[in-house]
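So the sequences go chain by chain: G and H.
In terms of numbering that gives the first Met the number 0, the first sequence is residues 0 to 307.
In terms of numbering that gives the first Met the number 0, the second sequence is residues 0 to 252.
None of these hints come from the bench; they were simulated from the model.
These figures come from a predicted structure and were not determined experimentally.
We treat Cβ as the ideally placed atom computed from N, Cα and C, and that holds for glycine.
Worth double-checking, as some hints may not be accurate.
What the hints assert, rightly or not - Label-pair restraints from in silico Cβ distances:
#1 H:Gln173 to G:Val127: 53 to 61 Å
#2 G:Ala296 to H:Val185: 31 to 39 Å
#3 H:Gly62 to G:Trp216: 43 to 51 Å
#4 G:Leu42 to H:Ala108: 53 to 61 Å
#5 G:Ala293 to H:Glu135: 16 to 24 Å
#6 H:Arg10 to G:Trp145: 39 to 47 Å
#7 H:Arg169 to G:Arg297: 48 to 56 Å
#8 G:Ala296 to H:Arg52: 40 to 48 Å
#9 H:Gln173 to G:Arg297: 33 to 41 Å
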Amino acid sequence: MATTIVPGARQHGLPPGPRTQVHTAAATNESALARRALIGVALAYLFVFLGLPLYVVFQEAFRRGLAAYAAAISEPELLHALRLTLLVAAIAVPLNVLFGIAAAWAITKGRVRGRTLLIALADLPLAVSPVIAGLTFMLLFGMQGWFGPWLRAHDIRIAFTVTAVVLATIFVTLPFVARELIPLMEEQGVTEEEAAVTLGASGWQIFRRVTAPNIRWGLLYGIVLCNARAMGEFGAVSVVSGRIRGQTTTLPLHIEILYNEYDFTAAFAASSLLALLAVVTLAAKHLLERSHHAARARIIQEQEEKGS
Amino acid sequence: MSVALDRVSKRFGEFTALDDVSFRVDEGELVALVGPSGSGKSTLLRVVAGLERQDAGVVRIHGEDAAPLGPGDRRIGFVFQHYALFRHMTVFENIAFGLRVRPRRERPAGAEITGVVKDLLQLVELDALGGRYPSELSGGQQQRVALARALAVQPRVLLLDEPFGALDARVRKQLRQWLRTLHDEVKVTTVLVTHDSEEACEVADRVAVMHEGRIAQIGTAAELGRGAGNPFLESFLGESRGTTSPPNRVNYH
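Take these sequences, add in the hints, and give me the full structure.
Printed below as a string of structure tokens:
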């Protein structure tokens, strides 16, 4: 039976009450100097480890001028790598969103046997080095691998193809959405779903009208992380792709090839594209959140005007 | 509509939550189940709702075996201890939920839904708060929304699981009187689970005392008051009535 101490401030997502505010005020009650020093350290840290590298990427990319940059990023092999990267992300991310939701749902809302095992398995790609993951794939799907003879007999090639790149990316990015959703859905519990079921909602209606709205921000964050990793993955993809230039090289692989060939302008131009993709992803997330909050604020305002 | 349990048992692993329970709630009656934590009263309620499946025995709603029906098809209204309101929906949408999820053919028109919800908001005295979100309401208000939401689907049976357990004493008292008045008004068959026997005796037509998965005794408040002889019953009723020293009153939660 449920325990009751506080009328469920946590479960029900109540906004922090006055007590929390007092607490925060007390917690930041250091001297102004100490506060500034802390902020300064944090900012310097961010600048050195995040800002500076980003700046250097663009600075190097444009070192030989705009024309050289334009030439570098319109080079066919690079464009192919860019397209492949987007394609891989476009396949891997939706699949892992589906898997993540299904796994989190099963683990937190259902009564599944072996849920610990499922959680551990979903974590595996985070624990294993991507290079090892890539090698494992080769052991399974390579010509000399376990399924090698069977694949050869059926004239299917996986190793060193785009398929291998997609598979390896799916494996590496598998945990992100599930990992984001499991703790969130665990905390939210099942009572809203139980309430919905007693009111006659079907499984799909419960998911769409009750569960999904409650998890959407966690889901969005998981998608952003998953996407970032899918587009940036190097180790596993490097092993399984065979790095066939203009065929199986994704953007990160292509950048490394260019760099190894001392083509720094092109390498950094390609890097700038990858950085831009990351910025676009983050901006999209930010805009979605903002438009949601704006819509919500508008609704509340309208209600208050109606009420008064 | 009546609810009847016939020799219902339910185990969770080694723990026996319901041990061969038979009992009946008549049409329009309000029955309270009291008992300490772990006595099986919430499990009984969840079995009636279909949220748990009994291992043995039969649950009949209006004489009809409920086994083939899922929780959504039993036409019950369930009110949870922690309200379980949909946090991302307004009060209005919470109450309308049960009507909006009906299959298209049975779903009332938009205007009709609005009418039903408005009437219910009035019934639970929250007319002005339809546009609020649950987090913007007090506990007592949230529980009244939960009740309105359960009533919106015109349930045959209303099941209340510790509905006032999370509220402070003053609000709890108000709400239980209000619940009694409401029940006299809408006359829906109701089962109320509580660990507070005073609350049970004040609100219910009949009170069933549960102990270790069985119904120890069942009767009107007056009958139970007289009904001595069972040592557990005496101590349990005594404790919650505050005949023992009030500061040490055992709260089973």
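TODO: Could you see if the CB distance from H:Gly62 to G:Trp216 stays within 43 to 51 Å?
DONE: 48 Å, holds
Task: Outcome of range test on Cβ distance (G:Ala296, H:Val185; 31 to 39 Å) - done: 37 Å, holds
Open item on the list: Given a hint of 40 to 48 Å, does the C-beta separation of G:Ala296 and H:Arg52 actually sit inside it?
Closed with: Given about 45 Å between the Cβ atoms, the range holds.
Task: Satisfaction of the hinted span 39 to 47 Å by the C-beta atoms belonging to H:Arg10 and G:Trp145 - done: With a Cβ separation near 45 Å, H:Arg10 and G:Trp145 satisfy 39 to 47 Å, so the hint holds.
Open item on the list: Is 48 to 56 Å respected by the C-beta to C-beta distance linking H:Arg169 and G:Arg297?
Closed with: 37 Å, violated
Task: Satisfaction of the hinted span 53 to 61 Å by the C-beta atoms belonging to H:Gln173 and G:Val127 - done: 59 Å, holds
TODO: Return holds or violated for the Cβ distance of G:Ala293 and H:Glu135 against the range 16 to 24 Å.
DONE: 19 Å, holds
Open item on the list: Within 53 to 61 Å: is that where the Cβ-Cβ distance between G:Leu42 and H:Ala108 falls?
Closed with: The hinted range 53 to 61 Å holds for G:Leu42 and H:Ala108, with Cβ atoms some 58 Å apart.
- [ ] Take a look at whether the Cβ-Cβ distance between H:Gln173 and G:Arg297 falls inside 33 to 41 Å.
- [x] 35 Å, holds
Consistency with the previously given hints fails for number 7 only.
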